[in-house]
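S.K.: Taken in sequence, the protein lines are chains A and B. Position 43 of the first sequence, counting from 1, maps to 43 under this note's numbering, and the rest follow consecutively. Heads up: take any position in the second sequence, counting from 1, add 105, and you land on this note's numbering.
Please keep in mind that the hints were generated in silico from the structure rather than gathered at the bench. A few of these clues could be false.
What the hints assert, rightly or not - The list that follows gives simulated cross-link-like pairs (lysine to any residue, SDA-like), each with its CA atoms no further than 20 angstroms apart:
id : chain 1 : residue 1 : chain 2 : residue 2
1  : B       : Lys-538   : A       : Gly-54
2  : B       : Lys-213   : B       : Asp-184
3  : B       : Lys-546   : B       : Ala-588
4  : A       : Lys-76    : A       : Glu-102
5  : B       : Lys-538   : A       : Asn-30
6  : B       : Lys-538   : A       : Val-58
7  : B       : Lys-214   : B       : Ile-253
8  : A       : Lys-49    : A       : Met-1
9  : B       : Lys-538   : A       : Val-26
10 : B       : Lys-538   : A       : Val-53
11 : B       : Lys-538   : A       : Gly-83
12 : B       : Lys-508   : B       : Ala-496
13 : B       : Lys-538   : A       : Ala-27
14 : B       : Lys-538   : A       : Gly-82
15 : A       : Lys-9     : A       : Gly-74
16 : B       : Lys-538   : A       : Ala-51
17 : B       : Lys-508   : B       : Pro-518
18 : B       : Lys-538   : A       : Phe-55
19 : B       : Lys-538   : A       : Ala-52
20 : B       : Lys-538   : A       : Ser-28
Said to hold, decoys possible - Derived contacts from chain A toward chain B, CB cut-off under 8 angstroms, selection only:
id : residue
21 : Gly-56
22 : Val-58
23 : Val-62
24 : Arg-85
25 : Pro-86
26 : Asp-87
27 : Thr-88
28 : Leu-91
29 : Ala-94
30 : Gln-95
31 : Arg-98
32 : Leu-99
Claimed, not checked - Beta-carbon label-pair distances, calculated as ranges:
id : chain 1 : residue 1 : chain 2 : residue 2 : range
33 : B       : Glu-545   : A       : Gly-83    : 20 to 28 angstroms
34 : B       : Asp-537   : A       : Glu-2     : 19 to 27 angstroms
35 : B       : Gln-618   : A       : Ser-78    : 32 to 40 angstroms
36 : B       : Asp-434   : A       : Gly-83    : 42 to 50 angstroms
37 : A       : Lys-9     : B       : Asp-568   : 39 to 47 angstroms
38 : A       : Ser-20    : B       : Ser-511   : 44 to 52 angstroms
39 : A       : Ile-22    : B       : Pro-518   : 52 to 60 angstroms
40 : B       : Asp-434   : A       : Ala-51    : 46 to 54 angstroms
Cβ atoms here follow ideal geometry from the backbone N, Cα and C, with glycine treated the same way.
Chain by chain, the residues run as shown.
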Amino acid sequence: MEDLNFQHKARARAGGSRKSAIIGVVASGNLEVLAERVLPDGECRLEIKTAAVGFGDVWQAVVADFVERYSPGGLKFSINDGGARPDTVSLRLAQAVRLIEEDGQ
Amino acid sequence: MLMSIDAETRTTAATWQRHREARDARIEAGSRLARGKIVEARDATRLMEAVIRPGDRVCLEGDNQKQADLLSGALLAVDLAKVHDLHMVQSGVVLPEHLDLFDHGVAKKLDYAYSGPQSARIARMLFGGKIELGAVHTYLELFARYFIDLTPHVALIAAVSADREGNLYTGPNTEDTPTVVEATAFKDGVVIAQVNEIVDRVPRVDIPADRVHFIVKSEKPFFVEPLFTRDPAAITEGQILTAMLAIKGIYAPYGVQRLNHGIGFSTAAIELLLPTFGEKLGLKGKIATHFALNPHPALIPAIEAGWVQQIHSFGSEVGMDDYIRARSDIYFTGPDGSLRSNRAFCQTAGLYACDMFIGSTLQIDLQGNSSTVTTSRIAGFGGAPNMGADARGRRHPSEPWLKAGSEADPDSPAALRRGRKLVVQIGETFGDKNVPLFVEKLDALELAEKLKLELAPIMIYGDDVTHIVTEEGIANLLLCRNAHEREQAIRGVAGYTDVGRRRDRNAVELLRQRGVIRRPEDLGINPLDADRSMLAARSIKDLVRWSGGLYAPPSKFRNW
Numbered sequence: 001m002e003d004l005n006f007q008h009k010a011r012a013r014a015g016g017s018r019k020s021a022i023i024g025v026v027a028s029g030n031l032e033v034l035a036e037r038v039l040p041d042g043e044c045r046l047e048i049k050t051a052a053v054g055f056g057d058v059w060q061a062v063v064a065d066f067v068e069r070y071s072p073g074g075l076k077f078s079i080n081d082g083g084a085r086p087d088t089v090s091l092r093l094a095q096a097v098r099l100i101e102e103d104g105q
Numbered sequence: 106m107l108m109s110i111d112a113e114t115r116t117t118a119a120t121w122q123r124h125r126e127a128r129d130a131r132i133e134a135g136s137r138l139a140r141g142k143i144v145e146a147r148d149a150t151r152l153m154e155a156v157i158r159p160g161d162r163v164c165l166e167g168d169n170q171k172q173a174d175l176l177s178g179a180l181l182a183v184d185l186a187k188v189h190d191l192h193m194v195q196s197g198v199v200l201p202e203h204l205d206l207f208d209h210g211v212a213k214k215l216d217y218a219y220s221g222p223q224s225a226r227i228a229r230m231l232f233g234g235k236i237e238l239g240a241v242h243t244y245l246e247l248f249a250r251y252f253i254d255l256t257p258h259v260a261l262i263a264a265v266s267a268d269r270e271g272n273l274y275t276g277p278n279t280e281d282t283p284t285v286v287e288a289t290a291f292k293d294g295v296v297i298a299q300v301n302e303i304v305d306r307v308p309r310v311d312i313p314a315d316r317v318h319f320i321v322k323s324e325k326p327f328f329v330e331p332l333f334t335r336d337p338a339a340i341t342e343g344q345i346l347t348a349m350l351a352i353k354g355i356y357a358p359y360g361v362q363r364l365n366h367g368i369g370f371s372t373a374a375i376e377l378l379l380p381t382f383g384e385k386l387g388l389k390g391k392i393a394t395h396f397a398l399n400p401h402p403a404l405i406p407a408i409e410a411g412w413v414q415q416i417h418s419f420g421s422e423v424g425m426d427d428y429i430r431a432r433s434d435i436y437f438t439g440p441d442g443s444l445r446s447n448r449a450f451c452q453t454a455g456l457y458a459c460d461m462f463i464g465s466t467l468q469i470d471l472q473g474n475s476s477t478v479t480t481s482r483i484a485g486f487g488g489a490p491n492m493g494a495d496a497r498g499r500r501h502p503s504e505p506w507l508k509a510g511s512e513a514d515p516d517s518p519a520a521l522r523r524g525r526k527l528v529v530q531i532g533e534t535f536g537d538k539n540v541p542l543f544v545e546k547l548d549a550l551e552l553a554e555k556l557k558l559e560l561a562p563i564m565i566y567g568d569d570v571t572h573i574v575t576e577e578g579i580a581n582l583l584l585c586r587n588a589h590e591r592e593q594a595i596r597g598v599a600g601y602t603d604v605g606r607r608r609d610r611n612a613v614e615l616l617r618q619r620g621v622i623r624r625p626e627d628l629g630i631n632p633l634d635a636d637r638s639m640l641a642a643r644s645i646k647d648l649v650r651w652s653g654g655l656y657a658p659p660s661k662f663r664n665w
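Looking at chain A on its own, in the form it has when it is part of the complex (with noise of 0.2 angstroms):
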């Protein structure tokens, strides 16, 4: 196992007004990702436990541009991590930051 947490600032605040949002299964090759919106809006972090030691750099540049592209201003992610492959990884936090900013609880 490894820990990895990544702070960086955001754009703008995520949309939406749901306080969570959890998707993905912790399972080899998969992750489960939780959002929770509990930080100020410019600022955003990571902190994840994964089962594939080393890949520090893939996960830096995973979340680099994910931060870029969807700009999740607000939310802290918590993520399970299963070895999954770096655009498991990708789709499993656009995905988190969509439901989020769905409507709803």
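Add chain B to chain A, keeping to what the hints say.
M.R.: Same frame as chain A, but now just chain B:
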């Protein structure tokens, strides 16, 4: 002196039918083992020894699906003093026996097209010098050479049944048989067929009796493998996202109605998204109506939902027989009701009458060249290069072809401008076992260097590829104006592979602004839709249900 030259000239002139005489002598020798045309299975090896001569070109029918397995076993058992150093000219090197022939010394030289399941062993044997390689061909290319410089002396083919005259019924997997027989029988060759049964009257005549010289009844039906069945249960969300990108970003804007699909999971995902995602986009009747395609079970929901008008097939697929019979509006069928496939015609249809080929590959380089060869596997080409190539002989216009042509060459006058076939490579940036799809240098090049081949085995040349689709987006190579743009467009959809991470971020952003690269968000695709609930069928059992119980999946796909 003058006399002798005259004599020699006359001798030559008097023998204009040497091939026919040789053929007749072979048939005469074989006939001693036959009653009429029928030879017992136990005499099959003796039949081979009687009709095959050392160094002969032999076509051992190895199709995608249908295998002349009894005859390949019989050939393997020949006395090497009588039969050796054969030159095998066959489209598929599929069974272990096909390569055992080279290990044993029965065969020496090989010209072929596809070696899927034997790809690792054929690579080892080529490196070990066990096989003298002519060339790896595309199907149409090898078939063409059957009529020019690789005409078989003997063809060993497979059919479902024969009558006592020798008329053959191939069943739904007609595949290569008519082409092989045409080339062999009409150029003084010998045709030997293995059949599952001998009947009074065949259901339909796929091969007329006067082209068949010997029939061997096999104890067990010829080997057939389900090659085109993709279990919807194994389709990933990444593949669904990629498939949605293709539908919304390529099928829709070009209005692609006539096409061929590869056999991977990404295209299976497209097939299963037509009645759901495609329906939502209002694309029914506007895209994916006419196919050159094997009877893919994954297309059943789209057919049932009224999307598909017509399908011509290279071969059949295990378990689809009853469904095809009941849907003769869609498929090509004989007077007996069963599918009539034909690889040569369907390949031609894919080349000339389809506006798009979309399929997966194992490696793509920075120029867009793609290859399924890796250093340890030589899978051959099969059909993809014929369908995944611009047909330079094409002259009929169509909307997608003209639009692609104008994107590639906006400045020429429209009436003088060639259209372009859409050739789309689709896949996830990381494939099986996290192997990257994108590479700086193809393994095929390394292989060509090691084997001293004059040509690297490229499946689809970069200059034929028009689009690359990954989960990260679509790169439209038609809109690239130079090699640098092309490279950055490819890097720009290569995700987090090394190739993708070495992109020039500014150049990629500029390409995105020009619409050369389009991301899911540019196309208004909601990542939450990349969900398995989007698939019209999520299991093999769902496909059976869609088919009204007509699709009978082989046991390896049943888990209920």
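S.K.: Compare the structure with each hint and give your call.
M.R.: Here is how each hint holds up against the structure:
Restraint check: the Cα-Cα separation between Lys-538(B) and Gly-54(A) comes to about 17 angstroms, which is no more than 20 angstroms; the hinted pair holds. For the suggested pair Lys-213(B) and Asp-184(B), the alpha carbons sit about 15 angstroms apart, so the restraint of at most 20 angstroms is met. This hinted pair checks out: Lys-546(B) and Ala-588(B) have alpha carbons roughly 16 angstroms apart, not beyond 20 angstroms. In summary, the hint linking Lys-76(A) to Glu-102(A) is supported, as the alpha carbons are separated by about 17 angstroms, within the 20 angstroms threshold.
With a C-alpha separation of about 14 angstroms, the suggested pairing of Lys-538(B) with Asn-30(A) holds against the 20 angstroms cut-off. The hinted pair formed by Lys-538(B) and Val-58(A) meets the criterion: a straight-line CA distance of about 17 angstroms does not exceed 20 angstroms. For the given pair, Lys-214(B) sits about 18 angstroms from Ile-253(B) by alpha-carbon distance, which is consistent with the 20 angstroms threshold. The straight-line distance between the Cα atoms of Lys-49(A) and Met-1(A) is roughly 7 angstroms, inside the 20 angstroms bound, and the hint therefore holds.
With a CA separation close to 19 angstroms, the supplied pair Lys-538(B) and Val-26(A) stays within the 20 angstroms bound. Restraint check for Lys-538(B) and Val-53(A): satisfied, since their Cα atoms lie roughly 17 angstroms apart, inside the 20 angstroms limit. Proximity of Lys-538(B) to Gly-83(A) is assessed by CA-CA distance (about 12 angstroms); at most 20 angstroms being required, the pair is judged to hold. Only pairs whose Cα atoms come within 20 angstroms are accepted, and Lys-508(B) paired with Ala-496(B) is accepted, the gap being roughly 16 angstroms.
About 16 angstroms separates the Cα atoms of Lys-538(B) and Ala-27(A), which keeps this hinted pair within 20 angstroms; it holds. Pair hint Lys-538(B) plus Gly-82(A) holds up; C-alpha atoms about 15 angstroms apart against a cutoff of 20 angstroms. Taking the CA atoms of Lys-9(A) and Gly-74(A), the gap is near 10 angstroms; set against the 20 angstroms cutoff, the hint holds. Note on Lys-538(B) and Ala-51(A): the hinted pairing holds, with a Cα-Cα distance of about 16 angstroms set against a maximum of 20 angstroms.
For a cut-off of 20 angstroms, the pair hint linking Lys-508(B) to Pro-518(B) stands: about 13 angstroms separates their Cα positions. As the CA atoms of Lys-538(B) and Phe-55(A) are separated by approximately 16 angstroms, the hinted pair is consistent with the 20 angstroms bound. Annotation: proposed proximity of Lys-538(B) to Ala-52(A) holds, straight-line Cα distance about 14 angstroms (limit 20 angstroms). With a C-alpha separation of about 12 angstroms, the suggested pair Lys-538(B) and Ser-28(A) falls inside the 20 angstroms cut-off, and the hint holds.
Restraint check, Gly-56(A) versus chain B: the minimum CB separation of about 13 angstroms is more than 8 angstroms; hint violated. A distance limit of 8 angstroms between C-beta atoms decides the matter here; for Val-58(A) the minimum to chain B is near 6 angstroms, and the interface restraint holds. At its closest, the beta carbon of Val-62(A) sits 6 angstroms from a beta carbon of chain B; the interface hint therefore holds under the 8 angstroms criterion. Nearest Cβ of chain B to the Cβ of Arg-85(A): about 5 angstroms, under the 8 angstroms cut. The hint holds.
With its C-beta approaching chain B no nearer than about 4 angstroms, Pro-86(A) sits inside the 8 angstroms limit, and its interface hint holds. Interface restraint check for Asp-87(A): the shortest CB-CB distance to chain B comes to about 5 angstroms, inside 8 angstroms, so the restraint holds. Annotation: interface hint on Thr-88(A) holds; nearest CB of chain B at approximately 6 angstroms, less than 8 angstroms. Interface restraint check: Leu-91(A) against chain B, minimum CB-CB distance 6 angstroms, threshold 8 angstroms, status holds.
Here the hint on Ala-94(A) is kept, as its CB sits about 4 angstroms from the closest CB of chain B, short of 8 angstroms. Proximity of Gln-95(A) to chain B holds as hinted, the smallest CB-CB distance being about 5 angstroms (cut-off 8 angstroms). Look at Arg-98(A): its Cβ gets to within about 5 angstroms of chain B, closer than 8 angstroms, so that hint holds up. Taken as an interface hint, Leu-99(A) checks out: its beta carbon lies about 6 angstroms from the nearest beta carbon of chain B, inside 8 angstroms.
Glu-545(B) and Gly-83(A) have their C-beta atoms about 26 angstroms apart, which keeps the hinted 20 to 28 angstroms range intact. Distance hint check: the CB atoms of Asp-537(B) and Glu-2(A) are about 24 angstroms apart, consistent with the given range 19 to 27 angstroms. At roughly 35 angstroms, the beta carbons of Gln-618(B) and Ser-78(A) sit within the given window of 32 to 40 angstroms. For the pair Asp-434(B) and Gly-83(A), the beta carbons lie near 48 angstroms from each other, so the given range of 42 to 50 angstroms is met.
Lys-9(A) and Asp-568(B) have their C-beta atoms about 44 angstroms apart, which keeps the hinted 39 to 47 angstroms range intact. At about 49 angstroms, the beta-carbon gap between Ser-20(A) and Ser-511(B) stays in the expected band of 44 to 52 angstroms. For Ile-22(A) and Pro-518(B), the hinted distance range of 52 to 60 angstroms is satisfied, since their beta carbons lie about 58 angstroms from each other. Taking the beta carbon of each, Asp-434(B) and Ala-51(A) are about 51 angstroms apart, inside 46 to 54 angstroms as hinted.
The structure fails to meet hint 21 from the earlier list, while all remaining hints are met.
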